[in-house]
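A.B. asks: Could you build the full structure based on these sequences and the hints that come with them?
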Amino acid sequence: MLNLAELLWGRFNSGTSVQPGTYLTLRTLAYVQLTEASSLPAGGTWHRISSDTTLTAADLATTVNSVLHTAYTAASFHAYNAASDAVPEPGQQANDA
Numbered sequence: 293m294l295n296l297a298e299l300l301w302g303r304f305n306s307g308t309s310v311q312p313g314t315y316l317t318l319r320t321l322a323y324v325q326l327t328e329a330s331s332l333p334a335g336g337t338w339h340r341i342s343s344d345t346t347l348t349a350a351d352l353a354t355t356v357n358s359v360l361h362t363a364y365t366a367a368s369f370h371a372y373n374a375a376s377d378a379v380p381e382p383g384q385q386a387n388d389a
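Offset between the sequence shown (1-based) and the working numbering: plus 292.
One or more of the hints may lead you astray.
Computed beta-carbon distance windows for the label pairs [as the list claims (entries may be wrong)]:
(1) 329 - 363: 12 to 22 Å
(2) 342 - 309: 16 to 26 Å
(3) 309 - 365: 27 to 37 Å
(4) 307 - 363: 29 to 39 Å
(5) 331 - 361: 15 to 25 Å
(6) 330 - 361: 25 to 35 Å
I should point out that these hints are in silico values taken from the structure, not numbers from a laboratory. Everything numeric in this text was worked out from a predicted model, so none of it was measured. Ideal Cβ placement from N, Cα and C applies to all residues, glycine included.
C.D. replies: The following block contains the structure:
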């Protein structure tokens, strides 16, 4: 699943400067919506799901399910929270997801 996500959506590490869009970390199923070019938060490995910055959690679930053949619901995803989603001791992020 992670390999497919990387092939289709790309792979961006925490702190990487990225373009606006909706990004998801499969490690915690947290997402962040960036409305301007900025750095990704310390959540580990991120995937750019869409350039749309207004996706709902239901839209996110539909997109992820159609690509990865999973069965997530809107309730499976949550907005990024630094207190609970940050990587406590980031490594090389080779297997952090």
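A.B. asks: None of the hints should be skipped; say for each whether it holds.
C.D. replies: Evaluated hints:
{"no.": "1", "hint": "329 - 363: 12 to 22 Å", "verdict": "violated, 33 Å"}
{"no.": "2", "hint": "342 - 309: 16 to 26 Å", "verdict": "holds, 18 Å"}
{"no.": "3", "hint": "309 - 365: 27 to 37 Å", "verdict": "holds, 32 Å"}
{"no.": "4", "hint": "307 - 363: 29 to 39 Å", "verdict": "holds, 32 Å"}
{"no.": "5", "hint": "331 - 361: 15 to 25 Å", "verdict": "violated, 31 Å"}
{"no.": "6", "hint": "330 - 361: 25 to 35 Å", "verdict": "holds, 31 Å"}
Checked against the numbered hints listed earlier, the structure breaks hints 1, 5; every other hint is satisfied.
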